[in-house]
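Asks: Since chain L is already given, all that's left is putting chain X on it; use the hints.
In the order they appear, the protein sequences are chains L and X.
My numbering applies: residue 272 is where the first sequence begins, and numbers increase by one.
My numbering applies: residue 272 is where the second sequence begins, and numbers increase by one.
Hints are all accurate, no fakes.
Since the list gives no way to pick one copy over another, a pair counts as held whenever it fits inside one copy or between any two copies.
Each computed DSBU-like pair below joins lysine-lysine, with the alpha-carbon atoms no more than 30 angstroms apart:
#	residue 1	residue 2
1	K647	K303
2	K673	K303
3	K673	K647
4	K305	K416
Hints were generated in silico from the structure; no laboratory data involved.
Protein chains: 2
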Amino acid sequence: MSASVSPLAPKSYPDMPPIRGLRMATAAAGIKYKNRTDVLLMVFDQPAAVAGVFTRSKCPSAPVDFCRANLPHGKARAVVVNSGNANAFTGLKGRAATELTAKSAASAVGCAENEVYLASTGVIGEPLDAGKFAGVLGDMNIGAKPDFWLDAAKAIMTTDTYPKVATRSASLGGVTVTINGIAKGAGMIAPDMATMLSFVATDADIAPDVLQQLLATGVEPTFNSVTVDSDTSTSDTLMLFATGAAAADGQARVTSVEDPALAEFRAALNALLKDLALQVVRDGEGARKMVEVTVTGAETDAAAKRIALSIANSPLVKTAVAGEDANWGRVVMAVGKAGEMADRDRLAIWFGDVRVAVNGERDPDYSEAAASAVMKEEDIPVRVDLGLGEGRATVWTCDLTKEYVAINGDYRS
Amino acid sequence: MSASVSPLAPKSYPDMPPIRGLRMATAAAGIKYKNRTDVLLMVFDQPAAVAGVFTRSKCPSAPVDFCRANLPHGKARAVVVNSGNANAFTGLKGRAATELTAKSAASAVGCAENEVYLASTGVIGEPLDAGKFAGVLGDMNIGAKPDFWLDAAKAIMTTDTYPKVATRSASLGGVTVTINGIAKGAGMIAPDMATMLSFVATDADIAPDVLQQLLATGVEPTFNSVTVDSDTSTSDTLMLFATGAAAADGQARVTSVEDPALAEFRAALNALLKDLALQVVRDGEGARKMVEVTVTGAETDAAAKRIALSIANSPLVKTAVAGEDANWGRVVMAVGKAGEMADRDRLAIWFGDVRVAVNGERDPDYSEAAASAVMKEEDIPVRVDLGLGEGRATVWTCDLTKEYVAINGDYRS
Numbered sequence: 272m273s274a275s276v277s278p279l280a281p282k283s284y285p286d287m288p289p290i291r292g293l294r295m296a297t298a299a300a301g302i303k304y305k306n307r308t309d310v311l312l313m314v315f316d317q318p319a320a321v322a323g324v325f326t327r328s329k330c331p332s333a334p335v336d337f338c339r340a341n342l343p344h345g346k347a348r349a350v351v352v353n354s355g356n357a358n359a360f361t362g363l364k365g366r367a368a369t370e371l372t373a374k375s376a377a378s379a380v381g382c383a384e385n386e387v388y389l390a391s392t393g394v395i396g397e398p399l400d401a402g403k404f405a406g407v408l409g410d411m412n413i414g415a416k417p418d419f420w421l422d423a424a425k426a427i428m429t430t431d432t433y434p435k436v437a438t439r440s441a442s443l444g445g446v447t448v449t450i451n452g453i454a455k456g457a458g459m460i461a462p463d464m465a466t467m468l469s470f471v472a473t474d475a476d477i478a479p480d481v482l483q484q485l486l487a488t489g490v491e492p493t494f495n496s497v498t499v500d501s502d503t504s505t506s507d508t509l510m511l512f513a514t515g516a517a518a519a520d521g522q523a524r525v526t527s528v529e530d531p532a533l534a535e536f537r538a539a540l541n542a543l544l545k546d547l548a549l550q551v552v553r554d555g556e557g558a559r560k561m562v563e564v565t566v567t568g569a570e571t572d573a574a575a576k577r578i579a580l581s582i583a584n585s586p587l588v589k590t591a592v593a594g595e596d597a598n599w600g601r602v603v604m605a606v607g608k609a610g611e612m613a614d615r616d617r618l619a620i621w622f623g624d625v626r627v628a629v630n631g632e633r634d635p636d637y638s639e640a641a642a643s644a645v646m647k648e649e650d651i652p653v654r655v656d657l658g659l660g661e662g663r664a665t666v667w668t669c670d671l672t673k674e675y676v677a678i679n680g681d682y683r684s
Numbered sequence: 272m273s274a275s276v277s278p279l280a281p282k283s284y285p286d287m288p289p290i291r292g293l294r295m296a297t298a299a300a301g302i303k304y305k306n307r308t309d310v311l312l313m314v315f316d317q318p319a320a321v322a323g324v325f326t327r328s329k330c331p332s333a334p335v336d337f338c339r340a341n342l343p344h345g346k347a348r349a350v351v352v353n354s355g356n357a358n359a360f361t362g363l364k365g366r367a368a369t370e371l372t373a374k375s376a377a378s379a380v381g382c383a384e385n386e387v388y389l390a391s392t393g394v395i396g397e398p399l400d401a402g403k404f405a406g407v408l409g410d411m412n413i414g415a416k417p418d419f420w421l422d423a424a425k426a427i428m429t430t431d432t433y434p435k436v437a438t439r440s441a442s443l444g445g446v447t448v449t450i451n452g453i454a455k456g457a458g459m460i461a462p463d464m465a466t467m468l469s470f471v472a473t474d475a476d477i478a479p480d481v482l483q484q485l486l487a488t489g490v491e492p493t494f495n496s497v498t499v500d501s502d503t504s505t506s507d508t509l510m511l512f513a514t515g516a517a518a519a520d521g522q523a524r525v526t527s528v529e530d531p532a533l534a535e536f537r538a539a540l541n542a543l544l545k546d547l548a549l550q551v552v553r554d555g556e557g558a559r560k561m562v563e564v565t566v567t568g569a570e571t572d573a574a575a576k577r578i579a580l581s582i583a584n585s586p587l588v589k590t591a592v593a594g595e596d597a598n599w600g601r602v603v604m605a606v607g608k609a610g611e612m613a614d615r616d617r618l619a620i621w622f623g624d625v626r627v628a629v630n631g632e633r634d635p636d637y638s639e640a641a642a643s644a645v646m647k648e649e650d651i652p653v654r655v656d657l658g659l660g661e662g663r664a665t666v667w668t669c670d671l672t673k674e675y676v677a678i679n680g681d682y683r684s
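Isolated chain L (complex conformation):
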């Protein structure tokens, strides 16, 4: 954890109502950190429907492999998350560690090992001593409480400077259901430090395949549209659990993603995913500013997203933002290098509401004072219109500061 809290941190935290059917506990197992919790146990007293999306890395962590293998069973009774060690690139030892952890969790909670889900974040390449879980999971299960979300978010932090929680409610077939989520992440990955994990739970009664489709769709414009440093974690994990407790209130189980009753729930879920994803960006390592990059007028939405990510990942764009410089020339550069169709002479670029470039050259009415004023803000909207088609996308990133280099280069010294 970093000493100083990000200036972009939320000013307050929402009250997190319990999710019926879910209890949580944290413990300090001393995996790496001292004097802080580093293990989270989530317990579902009845099997919960489960969905998950994971890193696209070709070198995923052992827990990611483990979760992918269990997902087809569709049921979750326990989730064990640890910080301080990612159990990534640990070979056979890593697999053994996930098996031992799952065994410990299964006996503690009284479920099958394929009803257990795991996530780890922290150093890569260090063998994870799963023996440290065996000792604590039993007591954690006994002490687990429904009203524990903020503590849960704290236990999975690494270089995060603040815990990340969000909650929404929605009417589903006339019954009010709740969705809660936690997340951690500050760099897309940095051994000893960050990765991106998020766990979302609802008391709604939704079939696993529907849940999976909702999550797969919801992740694209949210967690898959944020970038801190363009580096993709070996461990990124986003899971969604539905306890089904709302069935007791008469909520009819949703078995089709086409079910019109899902409309409000889907909107609430997507809003919550975006809330959590933006909290991750706002805690980006060394971040002082958040940048919202919107690309319009591209040939396709996919092209727009690729161009938006090219801008959001450009070190020169990100350092210019850190320098509060309305350096639209670097935005042109990032558009040009994205590899997607672009017509220089149709480009228009805005910082906030200030159009700085149009028709392939500086806006005749360009006001450096007005543009600079936008750059002094905490949130910097950048918009590029390509003038080619209807494709559009929005991604979020943060600035690139000396603190990012210090966090990721100086931590040894």
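Replies: Only chain X this time, still in chain L's reference frame:
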């Protein structure tokens, strides 16, 4: 230009012999900088064969468009290069500026406008006042000298901390010919600052189409294998000129790239291109260390190069190098995110000669002391073997330091 010279700068400069048939002059036209030269004129008294490769940016500068249009003519009599303004993203004004500059150069040298080549580097989006050339090119032509390479290299510098020159000689059909080159570049692009330009000339007699094939092949493992910050310039230009003066010594004109007489020349040209490309990396903005990334055992050479660039462009790998941290976990991350086939459990990673990981986990014989000793060096070799096939590639980059952020973020303040 930066105040302090890169610690990776060459300790000495080679003597640059003249290239028969080529004269050069520089001038201070006051385009942006004060008290320094900012214009280079290269004059070929007889039409020289010409070849060129340019940025892949979809938003190229006006001079790049101009050169591409002239290249099919295959003949060069004059080259005008300026620093301080890139004439990029300047719309119709940019095209007018290239036309006026070409007209001035053509009348100064006495050639056709399609025998003129142009390159500009500096701020993007600012209209370039080509009138500043009109005044100086005539006098420059009169004063142009063959023995002027180091001054030529200095005139095109932007954030470069040292001029970049290289020379080679080769036997071509029993006649000794010379190849000289200059380059500039420190960031792949940064308005007000850097881009990558290089001009290479030889007295060999080689047909333009052969020259173009030699250059297109030679650029891949050299200029197309270096990255400072993953940002691609709108203005990158590499040109190769052959005056043919060696014909006077009896060198038979080379009209086929298959000509066996080319072997030594090709090797010398490629060595010179690599020399110049590495000088650019060693002058990377804020660089304190050079990193040579070699990927072996990939499915194809293309896959190896993509993985090598993923490592070389990773902010987390580059900051770890800056921190002298043998952080191979970040190398695993960068391999995983490259999108090419990789088998985690076959990966092996070396820093220098120290194998830090093998078979998908930390090397049992891993010595942190030995690995850290490698990281303290100025040149850091990183090797990854994927264990999948025969594909291999090597790319070069530099570390990511707070100075990079300062150069690109603080320059306004």
